[in-house]
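Undergrad: If you're matching them up, the sequences are chains D and G in order. Mapping the first sequence onto the working numbering, position 180 (from 1) lands on 180, and the numbers just tick up by one. Mapping the second sequence onto the working numbering, position 2 (from 1) lands on 2, and the numbers just tick up by one.
I should point out that these hints are in silico values taken from the structure, not numbers from a laboratory. Don't take each hint at face value.
Below, computed lysine-lysine pairings styled on DSS-like, alpha-carbon distance capped at 30 angstroms [said to hold, decoys possible]:
| no. | chain 1 | residue 1 | chain 2 | residue 2 |
| --- | --- | --- | --- | --- |
| 1 | G | LYS243 | D | LYS237 |
| 2 | D | LYS104 | G | LYS104 |
| 3 | G | LYS237 | G | LYS289 |
| 4 | D | LYS243 | G | LYS104 |
| 5 | G | LYS289 | D | LYS104 |
| 6 | D | LYS105 | G | LYS104 |
| 7 | G | LYS289 | D | LYS237 |
| 8 | D | LYS243 | G | LYS237 |
| 9 | G | LYS274 | D | LYS104 |
| 10 | G | LYS243 | G | LYS274 |
| 11 | D | LYS66 | D | LYS46 |
| 12 | G | LYS105 | G | LYS274 |
| 13 | D | LYS105 | G | LYS289 |
So you can see what is in the structure, the chains are spelled out below.
There are 2 protein chains.
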Amino acid sequence: MSQADEFFSDVRRQIDAALDRLVPVVETEPTRLYEAIRWSLFGNGKRFRPSLVMASGRELGAPDNKLLGTAAAVEMIHTYSLIHDDLPAMDDDDLRRGRATAHKKFDEATAILAGDALQAMAFETIAADDSLDVSVRLELVAELAAAASRMVAGQQMDLEAEGRSVELSAIERIHRGKTGALILFSVRAGGSIAGGSTAEMESLSSFGEKIGLLFQITDDLLDVTETTQNLGKTAGKDAASGKATYPGTIGIDRSRQLISEVYSEAIDELRALKKESGSLALLAELLLKRSESATSSQS
Amino acid sequence: MSQADEFFSDVRRQIDAALDRLVPVVETEPTRLYEAIRWSLFGNGKRFRPSLVMASGRELGAPDNKLLGTAAAVEMIHTYSLIHDDLPAMDDDDLRRGRATAHKKFDEATAILAGDALQAMAFETIAADDSLDVSVRLELVAELAAAASRMVAGQQMDLEAEGRSVELSAIERIHRGKTGALILFSVRAGGSIAGGSTAEMESLSSFGEKIGLLFQITDDLLDVTETTQNLGKTAGKDAASGKATYPGTIGIDRSRQLISEVYSEAIDELRALKKESGSLALLAELLLKRSESATSSQS
């Protein structure tokens, strides 16, 4: 097992256990709601955002038990956003994390409510996490709530841009909200929990912005080049629905080039932190490798 | 102007100003999202839940400036729940607070996202409210998040009970979640901000449960007896969609009797607090009067 695989399988196991502990069991009334929540949470998710919380926290010296609640909360927010984005009124998708979307498996009302409940649970999880000081918890709640608002604004912009030709600057604005805000929060959260210095938090923030961008360009590229089975969600969906994407706007080659540039910038930020060979670097490298496999399968 | 009218118009003015200050202006990108949020927030709402926060806080000696943020946050959660409940996949309603529902005025995707953003803003508002001690803010976030989860579970139960004959105990369980949890939070929040004693918080909690029940039975009764114009939302909707209601289960006369009993119990709790003639009593009385006008217009 490679170092990256070991890191991921350890984080995944711990995050899944934390989520299982934090979310009501399916026998809780109303059972359909909690079934839908667990169905959506425990699909074949990559747990990328929780991994960022764990990695940045560990790099700055926080123990896992202080990171797990916030990492689980981020995954709750992410999962709620997937459930709502997949609804017929939004991206109208049938497949997510390798299985039926919540509104397909259950129904639209249950899917909307499952998302709503997950958002509330995320804030409750952090507020009630007594492994953390009160002031840290409050800072995390405020930052996570601001990130969740920015994420929603990004999704609105993304929907409004559908079928329209948009400039690179507009794509960047959409994704800084839609995916960037929560990824940035995840990286910063680990640092906050570890009690990072102002300088460390600044470097983490810059790294968080870069890795958010790296994630999005890679995700856009994979949508073009991969199969539905490999992705666990419908492939080719972006182009079919006229989404604003990096390859759609600047082409596949320039997207690949941008990924390589952004990756270097991200590693530079880690160098400033003297963490260029730890688990944050592994996560950045993983995204780079995903994008390389994507572009080669295309050629 | 009666004492109750004065109280309400003062609270309403202050809450509306607080909401206006806290919610991004409509010129914020994406403008459609913030237009939908403001459209939904600034309809002809009664501001009942914020009034409870202000009343219970004032009764226990908190200044208005410490209460307004939390009162506004409660209204954000309430408004998000109305937007989502009105969606076609749920109660499918066209009219709310005297005007078109958000998905009618805008579109379904925007309505879902406006609700999602309002939920996040509510938690951000409390977390960032520097008029309150850090530990009070954290307690409020945790309690509001738990109440929001219970509200969602109640809405799910309500939808599942549609068209089925249910017992009184099931109706109570639905409404303790769907409307009761947020009303209870509102009453307790004022007490927490004022630094209420354990005994005071216990009395406030009992009062909060009673007034939640009073509110719901009255609301169910008005749906049967009032016109759409008077309600500002579609009248007769509960019966048409086979909702589980008090008058539907125990009849109008028994509902009226229950209102009178619950009102007395609520006033008893205020007596324990020595607050039987303040603004919390005014609010309970207001619900009683609404129900009396409802039953008389029926006869």
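Undergrad: If you draw a straight line from the CA of LYS105 (chain D) to the CA of LYS289 (chain G), is it 30 angstroms or shorter?
TA: Violated, at roughly 46 angstroms.
Undergrad: Given the hinted pair LYS237 (chain G) and LYS289 (chain G), is their alpha-carbon gap at most 30 angstroms?
TA: holds, 22 angstroms
Undergrad: Between the alpha carbons of LYS243 (chain D) and LYS104 (chain G), is the straight-line distance 30 angstroms or under?
TA: holds, 24 angstroms
Undergrad: Between LYS105 (chain G) and LYS274 (chain G), does the CA-CA distance stay at or below 30 angstroms?
TA: violated, 46 angstroms
Undergrad: Is LYS274 (chain G) close enough to LYS104 (chain D), meaning Cα to Cα at most 30 angstroms?
TA: Judged against 30 angstroms, a Cα distance of about 54 angstroms means the pair is violated.
Undergrad: Straight-line Cα separation of LYS66 (chain D) and LYS46 (chain D) no greater than 30 angstroms?
TA: Holds. LYS66 (chain D) to LYS46 (chain D) sits at ~21 angstroms (cutoff 30 angstroms).
Undergrad: Starting from LYS243 (chain G), check that the Cα of LYS237 (chain D) is at most 30 angstroms away, please.
TA: Violated. LYS243 (chain G) to LYS237 (chain D) sits at ~39 angstroms, over the 30 angstroms cutoff.
Undergrad: Given the hint that LYS105 (chain D) pairs with LYS104 (chain G), test it: the Cα-Cα distance must not exceed 30 angstroms.
TA: Between LYS105 (chain D) and LYS104 (chain G) the Cα gap is close to 27 angstroms, so the pair holds against 30 angstroms.
Undergrad: Given the proposed pairing of LYS243 (chain G) with LYS274 (chain G), does the C-alpha separation stay at or below 30 angstroms?
TA: violated, 38 angstroms
Undergrad: Check whether the Cα positions of LYS289 (chain G) and LYS104 (chain D) lie no farther apart than 30 angstroms.
TA: violated, 45 angstroms
Undergrad: Please verify whether LYS243 (chain D) and LYS237 (chain G) have alpha carbons no more than 30 angstroms apart.
TA: Violated - the C-alpha atoms of LYS237 (chain G) and LYS243 (chain D) are around 39 angstroms apart, more than 30 angstroms.
Undergrad: If you draw a straight line from the CA of LYS289 (chain G) to the CA of LYS237 (chain D), is it 30 angstroms or shorter?
TA: With Cα atoms ~56 angstroms apart, LYS289 (chain G) and LYS237 (chain D) exceed 30 angstroms; violated.
Taken one by one, the earlier hints fail for this structure at numbers 1, 5, 7, 8, 9, 10, 12 and 13, listed in ascending order.
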